[in-house]
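Dock chain to chain to rebuild the complex, using the hints, since each chain is given by itself in its own frame.
Protein chains in written order, with the working numbering: chain A, -6 to 92; chain B, 507 to 721.
Hints listed in this document are in silico derivations from the structure and should not be mistaken for laboratory results.
Treat the hints with care, as some may be off.
Cβ pair distances, simulated, as ranges [to be verified]:
#1 Lys521(B) / Thr72(A): 21 to 27 Å
#2 Thr35(A) / Leu632(B): 36 to 42 Å
#3 Arg89(A) / Val598(B): 45 to 51 Å
#4 Phe58(A) / Phe691(B): 53 to 59 Å
#5 Ala79(A) / Gln518(B): 16 to 22 Å
#6 Ile633(B) / Ala40(A): 36 to 42 Å
#7 Ile640(B) / Thr72(A): 50 to 56 Å
#8 Gly37(A) / Ala590(B): 48 to 54 Å
#9 Phe58(A) / Ile562(B): 51 to 57 Å
#10 Asn64(A) / His613(B): 23 to 29 Å
#11 Thr63(A) / Glu525(B): 27 to 33 Å
#12 Ser7(A) / Ile633(B): 41 to 47 Å
Here a beta-carbon is modelled for each residue, glycine too, at the ideal position from N, C-alpha and C.
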Amino acid sequence: MINPIENLNKLFDSRIRLGIMSALMVNADVSFNDLKELLTITDGNLASHLKALEENGIIKVQKGFIGRKTNTTYLATKTGEKAFRAHIEALEKMIRSTK
Amino acid sequence: MSGQQQSLDDLQHIKRMMERSSRFISLSGLSGIAAGTCALIGAIVAYPYVYGHKDIFVDAAAGNELARTGHFSVILYTWLFWIAAFTFAAAVISAFIFTYIRSKKQHIPLWGTTARRLMINVAIPLIVGGLFLIKLIQANDIGLIAPACLIFYGLALVNASKYSLNELRYLGYGQLILAVINLKFMVYGFYFWAIGFGVLHIVYGAVMWTRYEKE
Chain A
-6 MINPIENLNK LFDSRIRLGI MSALMVNADV SFNDLKELLT ITDGNLASHL
44 KALEENGIIK VQKGFIGRKT NTTYLATKTG EKAFRAHIEA LEKMIRSTK
Chain B
507 MSGQQQSLDD LQHIKRMMER SSRFISLSGL SGIAAGTCAL IGAIVAYPYV
557 YGHKDIFVDA AAGNELARTG HFSVILYTWL FWIAAFTFAA AVISAFIFTY
607 IRSKKQHIPL WGTTARRLMI NVAIPLIVGG LFLIKLIQAN DIGLIAPACL
657 IFYGLALVNA SKYSLNELRY LGYGQLILAV INLKFMVYGF YFWAIGFGVL
707 HIVYGAVMWT RYEKE
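Next comes chain B alone, as it looks inside the complex (with noise of 0.2 Å):
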């Protein structure tokens, strides 16, 4: 081997062994295709809900009674609830298959520092944006659910790429557009979320997919 190419050979040896240290790179964009899909159907299950074709309540008489009283706990009787549930269930258990796969291929433990510094900062935001939805949801701001939800999820992807692969600030960014634009044109709400959760993590997915996966 020349020397030239024993150099080339090394520095990008130097290179690979830094992203591996200090970052999570297991991430697979078929997770960003799964968590697009499951919330792409949450929506579809979602919109007669809460367009008013159908009863927002499990249990009508027990949800219109609890309704009166003005209490939280309301939200536990609405299939709302139990479908958003159930679609980030799904997505981050689709997600975190894929994910452990490429790991599996990688020869990559899943579970290391960088997965434990990835979770911390995205965690971060991601919390603290749960606890204000709950008070938007309290003060009845339903306008505000959907750009709040990306916002604050659209600034953890952002955080996130210090920590993973570069190309999540790209899919933080489409995020935290769509949620300005929809600052702009409140009741469509449902739409961009659907747009931000559901294609832009396709999108995103496939995009990843085609550069580093497919053999």
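Next comes chain A alone, as it looks inside the complex (with noise of 0.2 Å):
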């Protein structure tokens, strides 16, 4: 038998990495303060757990600007959708698995 367990993503094994990864898969970008707003975490903790998606390919940023002020904006990148539904899918079987 196949452990489920293999299939869950270390990338995602915190509660703030997963709700980035559930809002930028719902919205085609979203910026950073939405993401802190959301999280209701402090800028830097936030910047390295994006830090971190970002180096694994799973995120792209976006750097643009309103106006003057600059906004910085994060999407998922197509390895990171697929990343991500195999880790609900992971979780799936997981819940069933025990049942």
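Structural data, given as structure tokens:
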């Protein structure tokens, strides 16, 4: 029997990263400030999680401007979307396997 | 915590975060009840003017004079216009207050990306509807006013449900069904309006409140 835990992605092993990915799955892109409000965490904490996801090719950063203010938005990459879907499936399998 | 419980919590967390980031979910059922109550009070106040028991003009002399010229500004001299404007303002303000309180309780900021998205998508059918209503009044097509209000508002709600609570869709369907029935019984537009904007709002609000907010 295959152990479903093997399919759980270590990268998503945190509530904050799950939150980030959930938001990016249902929105075309999400700004840094919106993510901060959604997850109610500090700038530094959010930035470090975003960096880890970006370095692993899960998300992409877009820098733009609203007027003169910089507006940084994030979006999930194709790889990221696939990995997150697989993670959700693994979670579902975990629940079913023990029933 | 067992792995199973952990997975279940994670999935629920994912679902919650997806909803929170894409929909405006602070809309309170009490807002529906408040807006519906305003609409019913407005309808009761307007009744004698609609059915000719009271003079429709605030200033009869000026009103009659303008009515002869057929100028559109005559509407500003009617009680009905002011009752409608006041009812609308009261409904929006009271609805806003309860939703504001709920957003505070949920610790979600009231104004953000989701609120803006909802506003834009509600405004599109409502603004077009408003322009259409002005044209109906100018053309003196009074019978069509109530069903037109219900149709545009119903469409706005169906549209809004994609950006807010899913159940708004059913409130929208309710308004649209009323509008279609109203088209069969044109002379009763006033009552259909009161049922749609008054009773349906209150029923929707009460259901939503008991389902999600009652403690």
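_To test your reading of the hints: which numbers does this structure violate?_
none
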